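**Student:** Protein chains in written order, with the working numbering: chain A, 1 to 259; chain B, 1 to 279.
If you're looking for bench data, these hints aren't it; they were derived computationally from the structure.
None of these values were measured; they are calculated from a predicted model.
Beta carbons: idealized from backbone N, C-alpha and C, even for Gly.
Check before you lean on any hint, since a few could be wrong.
[Claimed, not checked] Chain A is faced by these chain B residues, among others (derived, beta-carbon under 7 Å):
{"no.": "1", "residue": "I36"}
{"no.": "2", "residue": "I102"}
{"no.": "3", "residue": "P105"}
{"no.": "4", "residue": "I178"}
{"no.": "5", "residue": "M251"}
{"no.": "6", "residue": "L259"}
{"no.": "7", "residue": "G263"}
{"no.": "8", "residue": "G266"}
[What the hints assert, rightly or not] Straight line, CA to CA, 30 Å or less: simulated DSSO-like cross-link-like pairs of lysine-lysine:
{"no.": "9", "chain 1": "A", "residue 1": "K93", "chain 2": "B", "residue 2": "K22"}
{"no.": "10", "chain 1": "A", "residue 1": "K69", "chain 2": "A", "residue 2": "K154"}
{"no.": "11", "chain 1": "A", "residue 1": "K57", "chain 2": "A", "residue 2": "K154"}
{"no.": "12", "chain 1": "B", "residue 1": "K6", "chain 2": "A", "residue 2": "K154"}
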Amino acid sequence: MKGRKRKDILLNLLPLVSILLFILAWLVVSGGESSLIPTPTAVFERYLKLLEKPISKTSIPGHIWASLKRVLLGLLYGSVFGISFGLLIGWNKTCNRIFKPLFELIRPIPALAWIPLMTLWLGIGETSKVALVFLGTIMPITVNTYTGVRLIPKINIDAARVFGANNVQIITDIVLPSSLSAIIAGVKTALGTAWMVVLAAEMISAKTGLGFMIIRGTDVLDLPLVIFAMILIGVIGACISSLLTIVERKLCPWKSEIN
Amino acid sequence: MQNNKKTEQIELEVRRYRAIEKRSRLWDILLGALSILAFLVIWQILCTFEVVDAKFLASPLDVIRTIAVKVADPKPEGNTLFVNIFASFQLALTGFLLAALIGMPLGLLMGWYKPIDKLVRPVFEIIRPLPPIAWIPIIIVLLGIGTVAKSFIIFFTTFVPILINAYTGIRETSQVHINFARTCGYSNWRIFLTVGIPSAMPLTFAGMRIALGNGWSTLIAAEMLAANKGLGYMITMGRTYGRVDIIIAGMLVIGVIGLLLSGAIGKLENVVLKWKVKK
């Protein structure tokens with residue numbers, strides 16, 4: 001009994017050890033005089049300096065908001081169009097026959113590969129970035145909505161029809177709720193893609209945003225700034241994904257496998 | 001007699017049903033082909049009659065011509081198509097194999113042995129929320145723009161989904177199977193090898209498929225930011241030289257290779273997981 005307790009304590013100490021080892025490793029790698037990697041304190045000092053002297057006249061929240069706005073706008077358009085399109089090709093057979101092959105033709109091209117074409121078409125402003133996020137998000141959302149609609153047991157729809165429901169009622173009362181968890185899973189994937197696309201687009205051409213911060217840091221070899229931006233990106237990404245999990249739990253409480 | 005008649009009737013029904021199904025499948029293919037054809041024709045018309053400025057869009061025929069020319073011609077960015085394809089392909093595979101070699105065993109061990117989980121998990125959770133793209137600049141600063149740097153980037157991209165899926169997969173091993181093996185006197189290590197790993201494989205393969213897709217698209221981004229060959233480099237250079245045909249041709253090739261890669265993983269899965277019951 002006693003031995004077991006001690007073992008438990010040791011087991012729970014391991015995460016602490018692991019974090020300590022991580023920090024130690026960081027200190028060791030950044031320790032040497034010639035080392036390019038900045039120390040944790042250097043990163044913190046860079047943060048303090050950033051408060052006084054913002055990059056490209058935008059404060060830290062300003063940069064965060066610039067990236068977030070692009071992600072959210074693109075995701076909004078992507079969700080609206082993706083869900084409608086997924087419903088359309090999942091529900092209507094003719095539409096499925098016509099549009100599915102076209103969709104499958106475009107889908108394998110990664111959103112990031114659209115960057116050159118989009119900057120050519122729409123310039124390097126906000127529009128092209130939102131359009132890129134839109135392209136990146138519409139694919140997973142459409143696929144998931146489509147799959148969700150296709151997985152609905154036919155008997156549910158038939159039952160509704162027997163009771164005299166019309167198509168609109170069937171879609172709002174049966175199809176949408178049944179495919180909701182699949183749609184949310186799609187939005188979750190889409191969010192990851194959106195975040196990635198925004199960073200890449202900002203790295204290639206932007207004046208604001210977290211991706212811009214990183215690339216500015218590398219351009220002038222200001223690595224503490226790069227690390228600071230990376231930490232920000234990680235923290236915000238983690239916040240958003242846990243926020244989405246909460247939303248998921250609220251919207252479809254019947255789904256048990258949410259971890 | 002009666003029975004015979006009934007069988008005949010059923011057979012007739014079945015045949016009719018099959019005919020309908022066949023017709024519907026034919027209809028599927030026909031409509032699909034038609035829609036793609038219509039798409040291409042509209043695209044071609046837009047270009048031939050210069051509805052869209054030639055600066056912004058190259059016609060499908062031009063794109064095909066560009067691909068054909070690019071096979072042997074290194075202009076404008078300095079590499080033939082095959083050199084670019086090979087460069088990207090090699091990087092994607094190196095990074096991916098490295099990630100599979102480290103990520104899969106680590107994920108499996110983490111899922112099975114609690115102390116390893118407790119030790120590795122926190123560091124992993126720190127790294128995980130960071131999109132792989134964010135690693136690109138710092139890796140380029142530290143390691144340059146060569147093969148090693150890019151393989152590292154692909155490694156980071158593919159490592160996370162492979163590890164997570166291996167971990168989740170082995171966590172979902174049926175407790176009944178484990179208990180059964182234990183009753184038969186198997187050691188924990190042996191249960192891990194003979195029960196845990198096989199039951200984790202389907203999810204692990206799903207992870208590898210995701211990883212390869214992510215890796216492929218991250219690689220394109222990495223090549224856009226800094227490279228002197230590769231498909232991502234080719235399309236960025238197409239943008240710089242104002243050659244829309246090269247951009248679209250490159251996108252097409254990127255898409256096709258992405259499909260081939262995921263198809264290859266599917267084939268591998270079928271070979272390795274022969275025992276898996278097909279739906």
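**Student:** Hint by hint, note whether the structure agrees.
**Tutor:** Here is what the structure says about each hint:
Below 7 Å, beta-carbon pairs count as interface contacts, and B/I36 has one with chain A at about 5 Å; its hint therefore holds. Because the smallest distance between the Cβ of B/I102 and any Cβ of chain A comes to about 17 Å, over 7 Å, the interface hint for this residue is violated. The restraint placing B/P105 at the interface with chain A is violated, with a minimum CB-CB distance near 18 Å, outside the 7 Å limit. At a threshold of 7 Å, the smallest CB-CB gap from B/I178 to chain A is about 20 Å, leaving the interface hint violated.
Checking B/M251 against chain A: minimum C-beta separation of about 5 Å stays under 7 Å; hint holds. Given the 7 Å rule on beta carbons, the hint for B/L259 holds: about 5 Å separates it from the nearest Cβ of chain A. With a cut of 7 Å, the hint placing B/G263 at the interface with chain A is violated, because the nearest CB-to-CB distance is about 10 Å. With 7 Å as the threshold, the beta carbon of B/G266 stays out of range of chain A, its nearest partner Cβ sitting at about 14 Å, so the hint is violated.
Pair hint A/K93 plus B/K22 holds up; C-alpha atoms about 16 Å apart against a cutoff of 30 Å. For the given pair, A/K69 sits about 40 Å from A/K154 by alpha-carbon distance, which is inconsistent with the 30 Å threshold. Taken as a hint, the A/K57 and A/K154 pair is broken in the structure, with Cα atoms around 58 Å apart against an allowance of 30 Å. Only pairs whose Cα atoms come within 30 Å are accepted, and B/K6 paired with A/K154 is accepted, the gap being roughly 29 Å.
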